[in-house]
Amino acid sequence: SQELEQSPQSLIVQEGKNLTINCTSSKTLYGLYWYKQKYGEGLIFLMMLQKGGEEKSHEKITAKLDEKKQQSSLHITASQPSHAGIYLCGAVSEKLVFGKGTKLTVNP
Amino acid sequence: DSGVTQTPKHLITATGQRVTLRCSPRSGDLSVYWYQQSLDQGLQFLIQYYNGEERAKGNILERFSAQQFPDLHSELNLSSLELGDSALYFCASSAGTGYLSYGYTFGSGTRLTVV
Numbered sequence: 001s002q003e004l005e006q007s008p009q010s011l012i013v014q015e016g017k018n019l020t021i022n023c024t025s026s027k028t029l030y031g032l033y034w035y036k037q038k039y040g041e042g043l044i045f046l047m048m049l050q051k052g053g054e055e056k057s058h059e060k061i062t063a064k065l066d067e068k069k070q071q072s073s074l075h076i077t078a079s080q081p082s083h084a085g086i087y088l089c090g091a092v093s094e095k096l097v098f099g100k101g102t103k104l105t106v107n108p
Numbered sequence: 001d002s003g004v005t006q007t008p009k010h011l012i013t014a015t016g017q018r019v020t021l022r023c024s025p026r027s028g029d030l031s032v033y034w035y036q037q038s039l040d041q042g043l044q045f046l047i048q049y050y051n052g053e054e055r056a057k058g059n060i061l062e063r064f065s066a067q068q069f070p071d072l073h074s075e076l077n078l079s080s081l082e083l084g085d086s087a088l089y090f091c092a093s094s095a096g097t098g099y100l101s102y103g104y105t106f107g108s109g110t111r112l113t114v115v
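Just so you know, the sequences run in chain order H and Y.
Quick note, in my numbering, the first sequence goes up one by one and the last residue is 108.
Quick note, in my numbering, the second sequence goes up one by one and the last residue is 115.
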C-alpha cells in the first residue's frame, strides 16, 4: 500500500521566515492534496496537484509536485501566526491516504 | 461550513458500549470516506462507500461497521468500545471514486471519548 512520509515532523519558526514542508511517497503519485488542520478541528483544503511539475499558489503558500521524485513540497513565504497548525499531505490512489503531518508553530 | 455535516460533534461513552456516527456528504458527492485520527496513528483510512456500495476498506476493526443509505448519508457504527477507540472520527466526501476522485471535502469531525 502507498505510504507518505512528511518531513519535518515539527517546525518552529519566527514570524516572517520562509519554510518548506516535504512529502515523499513510496509509490507513484497520481494526485497530491495538501490540507491544513488546527488541533482537534477539521481539515481545510489548501490545494491539489495532479501533474508532474505542477505548481500552485494560494496567498503565501506554494505547493509543487515532482512526479519523478514522487515528492511534493509546500512552501510558506513570510510566515504568520495564522499559518500555525498541522499540515497534511494526502495521495490519491484507490483511496486518499495521508502522511502523519507536520506541526508548524510560528512565533510572533 | 465545508458542506459535509457530521453529528454529533462530541460523544462520551463507556467501554463496551455501541455508538453511531453520522455523516451527510456535500451535495452532489457520491463517495463517503471515514477516517480515524489519533495522536499516535495519524489520520487512518477506515472505509469508503460509493453510491451505496462499499468500495474500499482500510484499517477498520471488525467491531466497526458502516453503511451508506439511498439518500447518500452514511453511518459508522462502533461497538464493544475500548479505551483505545477514543479518537477523532472524520468523514469526507468526493464526487467520484478512486483515481477519479476530486475535491475531497472533510467534515469537522466527531470526537469520541471512551471512559
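Worth flagging that the hints you see were computed from the coordinates, not collected in a lab.
The model shown is predicted, which means the values in this text are computed figures rather than measured ones.
Where is the CB? At the ideal position from N, CA and C, for every residue including glycine.
Among the hints, a few may not be true.
Derived DMTMM-like pairs (lysine to aspartate or glutamate); straight-line CA-CA distance at most 25 Å [as the list claims (entries may be wrong)]:
| id | chain 1 | residue 1 | chain 2 | residue 2 |
| --- | --- | --- | --- | --- |
| 1 | H | 60 | Y | 1 |
| 2 | H | 56 | Y | 1 |
| 3 | H | 68 | H | 55 |
| 4 | Y | 57 | H | 55 |
| 5 | H | 100 | Y | 71 |
| 6 | Y | 9 | H | 67 |
| 7 | H | 103 | Y | 40 |
Just so you have them, the derived chain H footprint on chain Y, three or more residues with Cβ under 8 Å [unchecked claim]:
| id | stretch |
| --- | --- |
| 8 | 41-54 |
| 9 | 59-71 |
Hints, verified against the model:
no.: 1; hint: H:60 to Y:1; verdict: holds, 23 Å
no.: 2; hint: H:56 to Y:1; verdict: holds, 24 Å
no.: 3; hint: H:68 to H:55; verdict: holds, 14 Å
no.: 4; hint: Y:57 to H:55; verdict: violated, 32 Å
no.: 5; hint: H:100 to Y:71; verdict: violated, 33 Å
no.: 6; hint: Y:9 to H:67; verdict: violated, 38 Å
no.: 7; hint: H:103 to Y:40; verdict: holds, 14 Å
no.: 8; hint: 41-54; verdict: holds (count 4)
no.: 9; hint: 59-71; verdict: violated (count 0)
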